[in-house]
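Kindly produce the complete structure, drawing on both the sequences and the hints.
Quick note, the sequences are listed as chains U and C, same order.
Each residue of the first sequence is one higher than the one before, starting from 1 at the first, in UniProt numbering.
Each residue of the second sequence is one higher than the one before, starting from 1 at the first, in UniProt numbering.
Incorrect hints may have been included.
It does not matter which identical chain is meant; a pair holds if it fits inside one copy or across any two.
Once the Cα atoms are required to be at most 30 angstroms apart in a straight line, the calculated DSSO-like pairs of lysine-lysine come out as [unchecked claim]:
1. K172 to K185
2. K197 to K65
3. K17 to K197
4. K108 to K65
Think of the hints as simulated: they come from the structure by calculation, not from any bench.
Number of protein chains: 2
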Amino acid sequence: MSEGTLIVYSGPSGVGKGTILRPYLESHPEAVLSVSVTTRAPRPGETDGVEYHFITREEFDRLAKSDGLLEHAEYSGNCYGTPRAAVERHIAEGRDVVLEIEVQGAMKIRESFPEAVFVFILPPSYGTLHERLAGRGTETPEAMEARLRTARFELSHAAEYDYVIVNDDVEKAREQLGAIITAAKCRTRNMKKFIDKVCEFHEYA
Amino acid sequence: MSEGTLIVYSGPSGVGKGTILRPYLESHPEAVLSVSVTTRAPRPGETDGVEYHFITREEFDRLAKSDGLLEHAEYSGNCYGTPRAAVERHIAEGRDVVLEIEVQGAMKIRESFPEAVFVFILPPSYGTLHERLAGRGTETPEAMEARLRTARFELSHAAEYDYVIVNDDVEKAREQLGAIITAAKCRTRNMKKFIDKVCEFHEYA
Chain U
1 MSEGTLIVYS GPSGVGKGTI LRPYLESHPE AVLSVSVTTR APRPGETDGV
51 EYHFITREEF DRLAKSDGLL EHAEYSGNCY GTPRAAVERH IAEGRDVVLE
101 IEVQGAMKIR ESFPEAVFVF ILPPSYGTLH ERLAGRGTET PEAMEARLRT
151 ARFELSHAAE YDYVIVNDDV EKAREQLGAI ITAAKCRTRN MKKFIDKVCE
201 FHEYA
Chain C
1 MSEGTLIVYS GPSGVGKGTI LRPYLESHPE AVLSVSVTTR APRPGETDGV
51 EYHFITREEF DRLAKSDGLL EHAEYSGNCY GTPRAAVERH IAEGRDVVLE
101 IEVQGAMKIR ESFPEAVFVF ILPPSYGTLH ERLAGRGTET PEAMEARLRT
151 ARFELSHAAE YDYVIVNDDV EKAREQLGAI ITAAKCRTRN MKKFIDKVCE
201 FHEYA
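Shown next, in the form of structure tokens:
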């Protein structure tokens, strides 16, 4: 059985990552979305094991110290991380795993999983994203400016990914995501062992 | 209008390149198969402009000297080459162009078109290819051995391509070819200009 593919999936808040990804996951039950661990308290409506695994700071520190997290970071006093064991188990079982994580976490994944496929979702323009975030209107100007600053930081790292998808036509974007995952399995760097096997000519030479 | 994509498509004789490619071309009329020029005489059933553009040695030399060929090579005293003008015109018009060429020509294309997508078709094993070629039974043992030697040479360069497709299930191989071409347009290296445009934040900073 061949290994699954790790898909690292990023893009600024408000760009439509979930809208593009959801139908893919629904039509590919062999693909799993990795659930992060966090030390922050669940918000109303959040379920442990669905949005996040909610754990204590002590449990988090133990995981981090035992190399149990593929990447982790602290935001506003809360810790977030990607549990290594579940990802490695699914990949070994031949299942594809999607990590929806931010840019800095993604770059750490590249160190431990260089064969992962890195996909970044872009807005058609920064202006579109600005309007979409401003249109939410549920935030203070300061919170909104912080969110836009983060968006600009994330966008400025898009070129470090393998593929970018422009979310100007959601159906096209969904088709492109599917194509990228299919194509990623054919990338030469993921097929080296197979190529070597086909090139064993000695018994015919 | 955005530019088309150049697809460099290779694989050993007998691997099934045409069987995989044909339905793609039929369902994508915007994609064109580049027709090579050759100095060899047409075989019975071949039509000028379909299998090849049949030209004289003088015409060939003039094209080659005026940088009119993207790549060219000589086999058994006959010259073959990819005419540059048609490829560049189609790409500029936004059409995808497929070059079905051998390994050495492909590597020359990489120098002038680094943004092209390089796809190599692999047999499930060398044994399968060996059987398929032997099964044709229309050749002398010497011609057959020459063909297998060329196949081994080509296979040993598969790792230099961007993507490999294993032709063990032709429907799957066709789907993978389509996905690779769609995904190639999303490769970050082909999207740099667009990424730079989205990252023009100055008017918002």
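For each hint, the structure was consulted:
When the C-alpha separation of K172 and K185 is checked against a cutoff of 30 angstroms, the pair qualifies both within a copy, at 20 angstroms, and between copies, at 12 angstroms. With identical chains, the CA atoms of K197 and K65 are never at most 30 angstroms apart, being 39 angstroms at best within one copy and 41 angstroms at best between copies. With identical chains, the CA atoms of K17 and K197 are at most 30 angstroms apart between copies only, with a shortest distance of 20 angstroms across copies and 38 angstroms within one. In this homomeric assembly, K108 and K65 come within 30 angstroms of each other (Cα to Cα) only inside a single copy, at 16 angstroms, whereas the closest approach across copies is 50 angstroms.
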